[in-house]
Amino acid sequence: MKEEIITSGRMIPNIDPVLHVWHWQIPVYLFLGGLAAGLLFFASYYTLTGKTKNFPTAVKIGPIIALFAIVLGLIALLLDLKHPLYFWQLYTTIRLESPMSWGAWALFLIMPMAVVWIASYLKEIFPKLDSRKKFASLLKFIIVETETDKEFNWDWKFNWLRKFEQFVIKERKPFAWIMIVFSVILGVYTGILLSAFNARPLWNTSILGPLFLTSGLSTAAATIMWMSKNHTEKIVFSRIDLLLIVVELFFITHLFMGYVAGSQVKIDAAHYFLGGEYTISFWVNVIILGLIIPAILESLELLKFKVPIAIPAALILWGGLMFRFIMVDAGQVTRYLY
Amino acid sequence: MRYAMAIDTKKCVGCSDCVVACQTENNVPLGFCRDWISETTDGTYPKLELEIRSERCNHCDNTPCVRTCPTGASHIIDGGIIKVTHFECIGCGACIESCPYDARYFHPEGWVDKCTFCDHRLKNGQLPACVSVCPTKCMYFGDLDDKNSVVSKIIATRKWKVLAPEAGTSPQIFYLV
Ligand code: SF4
Ligand code: SF4
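Heads up: the sequence lines are chains W and B, in that order.
The first sequence begins at 4 in this note's numbering and counts up one residue at a time.
The second sequence begins at 835 in this note's numbering and counts up one residue at a time.
Among these hints, one or two may not hold up.
As the list claims (entries may be wrong) - Which chain W residues face chain B? A few, computed with CB under 10 Å, are given here: (1) Lys5; (2) Ile15; (3) Asp19; (4) Tyr89; (5) Glu148; (6) Trp180; (7) Leu292.
What the hints assert, rightly or not - Here are the computed lysine to aspartate or glutamate pairs in the DMTMM-like style, where the Cα-Cα straight-line distance is at most 20 Å: (8) Lys5/W - Glu885/B; (9) Lys957/B - Glu859/B; (10) Lys5/W - Glu943/B; (11) Lys126/W - Asp158/W.
If you are wondering where the hints come from, they were derived from the structure by calculation, not from laboratory data.
Heads up, the beta-carbon is just placed ideally off N, CA and C, and yes, glycines get one too.
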């Protein structure tokens, strides 16, 4: 038996008795980052394979959602900072050893890429612009209404924007190559941010990178199949999702095997999920609601049963969000004993 | 130069003088502390072993807290002392998460604070506040690179341990046992 007590009256908020420095902001940030990474990955992927026609939602709508996710994610990160007015210090240096640093940079660089991507499809997404629409008035500073054109009734205000648009449309593939690389970096980063912390045994496993990437891709696939109005696209993404769920379950099995075969602190960490305080929330929310039930529903769908697609999609998003909440929370409870 | 500390667990009585001295010397905000006392009880009754330790940042050789800091606010200065530059710290908490000893905390003003080995006192040739007030003289401070310093001598002659060596940070506070 070993018992340790701090006797000097130390009771530092959020550190004693258990560490709780990261609250809801970090899991939300990781979830949105993973979702954005997945959406941009699919958009780039279908551009690279030349299938933009078959996957309109993935290529054109996905990046719009991704952009919102990135912006909201950065806001969540900002809310997590205790010294937020100094956030610009993140961008005065690049520290490759710090996942937080290159994640912040990856988000920062991928954001303009998403903006350019969306802008280059804007004419296809909104061929006709109703001047009464809020959207049009928001963009007034860069677009003008034109009457003459049959296909579109608006155009860019400046010539260089028009030229830039043509350039992006012509060079879509190289652009997609860059974006796909960044999206993978972003997706893996959401896991590596946690796994880089040796001090927290639950997080300190390299499987977290691929696991979070897969989970991010799966939440993105769920979003696309939910948003899509195109039947084949829905079916393809429901299949992709099914595959990703299987991969995720495989990684999670691996994760637990790694803990249980590890040192005492890892075994103790796994115990939080195998009988300890996170058991029910993890198995119910992440495994059953977030993975197994959507997998069953999607399989039924493949067998031609009618399943409203919103149910598996919403469950997958819920599972992905809960997974990050539980991992961030539980990781801070695990520690070395001395 | 490599500053280090050796603390004699056989002499420490857990009086908390070091804690108060640090709070006074470094203007530590109320309710917070850069060093603290912990007591461990090991074994089953009646064979119990008690150990009292004064703990603080271990000024590790392999510093996860400096590595994970995205801004470079956490850094290493001469003598291997780990410090935080207040106006560079964004308060992201990465360093707090990465320290196996929970030696860092958020100062109410937003930046991260921790033990500095009283580097401002060292510059004037004084010992860290905690070392200088200890009534049982159980703390030894000095330069590990100097074979004749008090720390080098005491860890050469006494049995010692470091805390959680398996966390791999190569801590530089040696507990004499
Ligand atoms: S004890 Fe913690 S804060 Fe101090 S150097 Fe080691 S890891 Fe960093
Ligand atoms: S809280 Fe401050 S010192 Fe710690 S990692 Fe973040 S920026 Fe660096």
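To see whether the hints hold, each was checked on the structure:
1. Lys5: holds, 5 Å
2. Ile15: holds, 5 Å
3. Asp19: holds, 8 Å
4. Tyr89: holds, 5 Å
5. Glu148: violated, 44 Å
6. Trp180: violated, 27 Å
7. Leu292: violated, 28 Å
8. Lys5/W - Glu885/B: holds, 11 Å
9. Lys957/B - Glu859/B: Cα-Cα ~15 Å, so holds.
10. Lys5/W - Glu943/B: violated, 36 Å
11. Lys126/W - Asp158/W: OK: Lys126/W and Asp158/W at ~8 Å, within 20 Å.
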